[in-house]
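Colleague: Sequence:
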Amino acid sequence: MFRAVQLGRVIVLVVILMVMPPFVATSAQTPTEATRLVFEIADKVRFYQIDSAGIRTPIYELSADFAVLSHGKAEWIIPIPESIVVSPQADKIAFVAIQNYTDSALFWFDVHDPVLRQTPLPGLGGLQWSPDGRMILLFPDGVEISIPVYVKDAYVYSFEAGTLNPLVNPVNKPFGNFHWFDSHRILYRAQSEDCAAPCIDAGNLFLFELDTQTTTRLTDIGHQLPADAPNDKIQFYADCRADIVRWSSANNRLYYSVNCVDTADQVHSYLYSSDLSGGNQLEADLLTLQPENFYAVIQSIHVIDDTVYFTIESEIRPKGEGAAAIYAGWRIYALSNNGVRSIWEARFNEAGAAWLSAVEVSPDNRKLMVGGLDYTSDEEGYFAVVDLESGQIILQGHVPTNICEIEWLEATRVIYQQFSGICGSSFIAPTSFTVLNLATGEWEELISDFAGPVWMLTAENIFAP
Numbered sequence: 001m002f003r004a005v006q007l008g009r010v011i012v013l014v015v016i017l018m019v020m021p022p023f024v025a026t027s028a029q030t031p032t033e034a035t036r037l038v039f040e041i042a043d044k045v046r047f048y049q050i051d052s053a054g055i056r057t058p059i060y061e062l063s064a065d066f067a068v069l070s071h072g073k074a075e076w077i078i079p080i081p082e083s084i085v086v087s088p089q090a091d092k093i094a095f096v097a098i099q100n101y102t103d104s105a106l107f108w109f110d111v112h113d114p115v116l117r118q119t120p121l122p123g124l125g126g127l128q129w130s131p132d133g134r135m136i137l138l139f140p141d142g143v144e145i146s147i148p149v150y151v152k153d154a155y156v157y158s159f160e161a162g163t164l165n166p167l168v169n170p171v172n173k174p175f176g177n178f179h180w181f182d183s184h185r186i187l188y189r190a191q192s193e194d195c196a197a198p199c200i201d202a203g204n205l206f207l208f209e210l211d212t213q214t215t216t217r218l219t220d221i222g223h224q225l226p227a228d229a230p231n232d233k234i235q236f237y238a239d240c241r242a243d244i245v246r247w248s249s250a251n252n253r254l255y256y257s258v259n260c261v262d263t264a265d266q267v268h269s270y271l272y273s274s275d276l277s278g279g280n281q282l283e284a285d286l287l288t289l290q291p292e293n294f295y296a297v298i299q300s301i302h303v304i305d306d307t308v309y310f311t312i313e314s315e316i317r318p319k320g321e322g323a324a325a326i327y328a329g330w331r332i333y334a335l336s337n338n339g340v341r342s343i344w345e346a347r348f349n350e351a352g353a354a355w356l357s358a359v360e361v362s363p364d365n366r367k368l369m370v371g372g373l374d375y376t377s378d379e380e381g382y383f384a385v386v387d388l389e390s391g392q393i394i395l396q397g398h399v400p401t402n403i404c405e406i407e408w409l410e411a412t413r414v415i416y417q418q419f420s421g422i423c424g425s426s427f428i429a430p431t432s433f434t435v436l437n438l439a440t441g442e443w444e445e446l447i448s449d450f451a452g453p454v455w456m457l458t459a460e461n462i463f464a465p
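The sequence shown runs 1 to 465 under the working numbering.
Errors might be hidden in some of the hints.
Stated by the list, open to error - Computed beta-carbon distance windows for the label pairs: (1) P400 <-> N365: 28 to 34 Å; (2) T57 <-> E209: 28 to 34 Å; (3) V115 <-> Q392: 47 to 53 Å; (4) N365 <-> F294: 46 to 52 Å; (5) S70 <-> R117: 41 to 47 Å.
What the hints assert, rightly or not - Here are the simulated DSSO-like cross-link-like pairs (lysine-lysine), alpha carbons at most 27 Å apart as the crow flies: (6) K44 <-> K73; (7) K73 <-> K152; (8) K173 <-> K152; (9) K73 <-> K92.
Since the hints were made in silico from the structure, they are not lab data. The structure presented is a predicted model; accordingly, all values stated were derived computationally and were not measured. From the three backbone atoms N, C-alpha and C, an ideal C-beta is built for every residue, glycine too.
Using the sequences plus the hints, can you model the full thing?
Modeller: Now the structure itself:
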């Protein structure tokens, strides 16, 4: 049962917390700002458009030659639902599939053109559309059934030229965490051992230019951290890597998190920014923001105008208060010219009691919705919608299972999905597909309208808020 509570300003919360013919096409509508594309996995894979009122319109249906692994058998197997991706313009959908566990291919179709096309690939892996939708980045890793963290090779496929070209890897080491910076440049992370006393196995950021086939190294984590981090912490770091990235046009800087795993397997995060020419600046040290953090991880970065909002998940161990005082926490911070300020905090009164899984900014850039797990509640799924200016909770509530996906339809309507397990785990499936009206607090469950699990299709964009 869903519960939603409207509150005023909240200081602390305690214990509350998404080929081969034949291919069947149906009528399609032009996607708008207030619509989202989703796909259903049942006897066949079907694609729909959802409008702001939660009404679905069929778009495409894959033939019986295709099935998603663990959801059926067919000639072509799509390894995981997350390997189906939509272009930023929401007019093309692509996915990778494997035949006989030996031959893999890229498949795609135009939402307005019911023709499924394909090209062979050297293996399965992840996909990333270019911002203009004319190219797609592929990072295959043999025939693995998951999207790889690091790969030895990556490729760029041009839909106009019909060519598949390798991405040059100048460091000659496994690379990953790919992001299109624009239609001519690609950001990626590559492992390198930076020995600046202490020696850190570092994942640094590089910027590759397609036109010139040249690469610029943007970060030097092994030298940055010894200058910025407390020595009593960094001497125990075993692995540090650049992770989440967001570009600020107003500040003309790239903001990125650096996650460090120490020898006790605890994670600590730092927020940095880069001017893309090698100049890097520490913006926030989470251990300084809250010294009692036992571990603290940046889970999201959002840029709105010249302000950078970042959310963290942490475990706090108040000094001198004993093990019973340990609690888990989520926080929203804002970084501006005036420094860093805390916007909102949620506390969960047990160690390891909560997982922050999804964070999204509203289309009007005024609200942030967070969702995840709260193990202290009988209904483990928890969400909160926070006003970014005041820090007030607009709406919060508990739902039966974990919230893994959040997508805004418009400023007062949002879709969220619950999943059956930990977000990102293999073979978990959505258990709900809900449209929430923030103005009224009312919700509509749409999962009953579908014949099987439903996934949302979203396009990655480091320029998005």
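Colleague: Run every hint past the structure and note whether it holds.
Modeller: Results for each hint:
The beta-carbon spacing between P400 and N365, approximately 31 Å, falls within the hinted interval of 28 to 34 Å. A hinted range of 28 to 34 Å is violated for the C-beta pair T57 and E209, which are about 40 Å apart. Take V115 and Q392: their Cβ atoms lie about 50 Å apart, and the range 47 to 53 Å holds. For N365 paired with F294, a C-beta distance near 33 Å fails the hint of 46 to 52 Å.
Evaluation of the 41 to 47 Å hint for S70 and R117 yields a failure: the beta carbon distance comes to about 26 Å. Between K44 and K73 the alpha-carbon distance is near 10 Å, which keeps this suggested pair within the 27 Å criterion. Under the criterion of a C-alpha separation no larger than 27 Å, the hint pairing K73 with K152 is inconsistent with the structure, at around 30 Å. A threshold of 27 Å between alpha carbons decides the hint, and for K173 with K152 the separation of about 7 Å falls inside it, so the pair holds.
Pair hint K73 plus K92 holds up; C-alpha atoms about 25 Å apart against a cutoff of 27 Å.
Checked against the numbered hints above, the structure violates hints 2, 4, 5 and 7; every other hint is satisfied.
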